[in-house]
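**Q** Chain by chain, the residues:
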Amino acid sequence: MGKHFGANEILKDISFEVGDGEFCILLGPSGCGKSTILRLIAGLEEPTRGAVRLGGERIDHLPPRDRDIAFVFQTYALYPHMSVFDNLAFALRMRGASRDEIETKVRDAARLLEIETLLERRPQALSGGQRQRVALGRAIVRQPKVFLFDEPLSNLDAALRATMRVELARLHRRLGATIVYVTHDQAEALTLGEKIVVLHQGIIQQIDSAAEIYHRPVNTRVARFVGSPQMNMLDGTVDETGSLFRCGHLQLNLSAFLGRPLVQFAGESLTLGIRAEDLEPVSPDQGWLRGEVEIIEDLGSDRFVHIQCNHFELIARAGREFALERRQTVGLNAAPGRMHFFQNERRIEP
Amino acid sequence: MKRWLALLLFSFGIGLYCLLPFLWFVLTSLKSPAELTAIPPKLIPAFQWGFYLSALEKHGLLRYVGNSAIVAGLATFVSIVIGSLAAYAMARFQLAWTRFYLLLLLAISMFPQIAIAGPVWTILNRLDSLNTYHGLVAAYIALTLPLAIWILTTFFREVPREIEEAALIDGCSRLQALRKVVLPIAAPGILTAALLVFIYCWNEFFFALIIMTDPQVQTLPVGIALFPGEYTMPWGEIAAASTLATLPLIALTLIFQRGIVRGLAAGAVKG
Amino acid sequence: MKSSYRLALLFLLPSFAFVGLFTLFPIFESFRLSFYRMILTLPWLGQKFVGWENYTDLWTDPVAMQALTTTLIFVAVTIPLELLFGLGMALVMNEVFRGRGLLRAVVLIPWAIPTVVSSQMWRFIFNDRYGLFNFVLFGDDTARYFAPMADPQLALIAIMVAEVWKTTPFPALIILAGLQTIPDELYEAAGIDGATAWQKFRHVTLPLISPALLLALLFRTIDALRVFDLVFVMTQGGPADATNVLQFYGYKKTFAEGMVGYGSAIAVGVFVLSLTVALIYLRVLRASQLRGATQ
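Chains as they are written, first to last, in the numbering used here: chain A, 1 to 350; chain B, 1 to 271; chain C, 1 to 295.
Hints are computed from structural coordinates only; laboratory data are not their basis. This structure is a prediction, so every number in the text was calculated from the model and none was measured. Mixed in with the good hints, there may be bad ones.
Said to hold, decoys possible - Now the stretches of chain C that chain B is said to cover, found in silico as 3 or more residues with beta-carbon under 8 angstroms:
(1) 47-56
(2) 130-136
(3) 139-150
(4) 171-183
(5) 214-226
What the hints assert, rightly or not - Sample of chain B residues at the chain A side, in silico, Cβ under 8 angstroms:
(6) L168
(7) G171
(8) P215
To be verified - Calculated cross-link-like contacts (lysine-lysine; reagent style BS3-like; alpha-carbon spacing at most 27 angstroms):
(9) K2/B to K200/C
(10) K145/A to K105/A
(11) K180/B to K145/A
(12) K145/A to K195/A
(13) K48/C to K252/C
(14) K2/B to K105/A
(15) K12/A to K195/A
(16) K42/B to K58/B
All residues carry an ideal CB built from backbone N, CA and C; glycine is no exception.
Use the sequences and the hints to build the structure in full.
**A** In structure tokens form, the structure reads like this:
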């Protein structure tokens, strides 16, 4: 199965494929066009050019009802004038399914989602999480070729979101369904996605597995967008020997972390990126560079330390045993091989 | 305690202001002929139905009621159907020219009747439709469409777009989605609009006066305005007819009070 | 999307047809006819183009000028009263107390009564012998009963009373809708800041309902400019043309006297007057919407 498009100015030459049974995530900041892609697949909007294919056949000329897809909306879009049962049954009824078939399928879906006791209720009488399940159920009963999810968890509170995230993953495994899932939440994307498409301003930045996206972001946009806290970024130049990185008043010796000096980039401007977990506070006499502790964010499991080094703010992850205090001077140690280098925003391999 | 007393007094005053004049007219309709012409007037009547019988039998009140019901009912039905289609289009496809059309309708609803009355009369005359139900109904449809479309548009806008899209994906055509999902959700708004349009048609006088010159097809307001008297004004019968013309409206208004208030606010404040 | 564009057009078409035929075409036709001499009772004259003659006649017609003055006085007197009463009613209805629902329903009653009915009602109230007006003023002293509708000034006042009574519910409801959008927190905040009841009204309530007040003002103005039913039923423009308002005069010329061209000129005059108010309305509305959008 494959899909390709190229659409209007909101989307520029978008083209990607989703394999059968794959959980594909469209990830990007709000306004990057990811919802538009979903609506194009669904047929709620028409592409100005390009094609949408499902199982090798073009479906972009078909109205939404003939595409055999299901869509779970951010707002759930449950029919307020129908009971939960009728909400689930509506699509089957529209396709002229028999009474028995509807009954069985709706009951099955309800059992799967544990909403059997709610079938007679109206959507207004449901909690947010229950509405979410009904919206899922409405998609499941259809047994469509593709499920489309448009930020389905963003209206839930944090605890419920985490639960539903796990349940969605489980559901995907059980149904073996093909899913295209839109989100701006990178944590959601990393936990759910088998394939992640990172979008920015209507352009695909990277299509990869979660691990690849996280560990080998192709450009600074992806690097900044994926991961929390945000990756530390330092703009600077490499000296003639290729082993010293100059960044303002900072001079960083790279030779300890790289197998060989960056001679091929000698004298050029680069961006150095390093994630907080790859940067560790140590005693001030050790370490690769030094700075002053400004803020300590204690998350319980982790402590993120904001450190001021010569007008640059870096975030590092501290182990629980390391004693830290505000205004204290600390050294920072970087994990070898975990540095990212970008030139003109693109990733380069040292 | 002071606040409570003040509210009571004010409410009482407002109630009296709104009810008293009409109440007196209703009491008048229940007087006997002798009580009607008593000087000074008697406030409490003998509660006789004489004027009602006289209005019904001698003045053909029932015919006026029937004419009004037919004209107002038909006009409301067509106006709401056409208005719903238009309002749906306006709410869903917010294009530059639909916005212009909405403003145009607002301007039209502000036309003084006389500015269009002459040509409307001429058109209906050419179509041989003066003194016919369909003639007046056609005029009423045009006159109430701005009101209907404005109110309905605000109600349709409140139906979330996603719900309709969900219906499209669930297998509906656009018309099916409109019928099975949008209309049921917007039903309270449609009822409100229908009510306001009906009240407008039931109460309309100017066009009824110029289009319906034949007493056989005249509507209630025209009948009440032109109530014929031999020597003196038949006040008892007028009061009786007025009461009959108004009671259904008051009943409707009280039943659908909330909706009407919302509809008026939708037509005016958002408009 | 092209297909939905076509669908929108299809859905709008029936309303175009009715609105076009029965309101847009007629307004243009009225404009055209106002430049012709056409008298229905003298059909052999036919339609003769006379240029601005109808308008110059109108300008020098003392009855028309009086009708204009009467209409403007009618508007200038009734509208402030309606808004004031409406504001008072709305403030009471906005309070929380048992029976508020009933009060809101009662206030709607004058609005629901057909204008023709309320006109007959007030005409009877002002009746010289059986009317409530005389009874309330003079009681059993029947010798002092008189006919207010026979006096030019009192007749106009009587019509204004009937108008104010019938239409006050409208501004009341519009203002009430405005009042209900004011959050309680604002009053609480003003209270904490030390505002008295009057200061709260002056500095919180009044500024926040001013858009609603403005809308009520303009809607009512446009409606009062086209007053007709009241005059037709209560006075037929009399006595001595004292209550002859523009729309009634236009009706009389066109439909009673058959002077279509001249009547059209009056119609255009009323239209231009209303349009001016309507344009001010749209202007103000757009300005307030803009303000709403930027807030």
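**Q** Could you run down the list of hints and mark each one as holding or not?
**A** How the hints compare with the structure:
no.	hint	in the structure
1	47-56	violated (count 0)
2	130-136	holds (count 5)
3	139-150	holds (count 4)
4	171-183	holds (count 5)
5	214-226	holds (count 6)
6	L168	4 angstroms, holds
7	G171	3 angstroms, holds
8	P215	46 angstroms, violated
9	K2/B to K200/C	19 angstroms, holds
10	K145/A to K105/A	16 angstroms, holds
11	K180/B to K145/A	25 angstroms, holds
12	K145/A to K195/A	18 angstroms, holds
13	K48/C to K252/C	21 angstroms, holds
14	K2/B to K105/A	64 angstroms, violated
15	K12/A to K195/A	20 angstroms, holds
16	K42/B to K58/B	25 angstroms, holds
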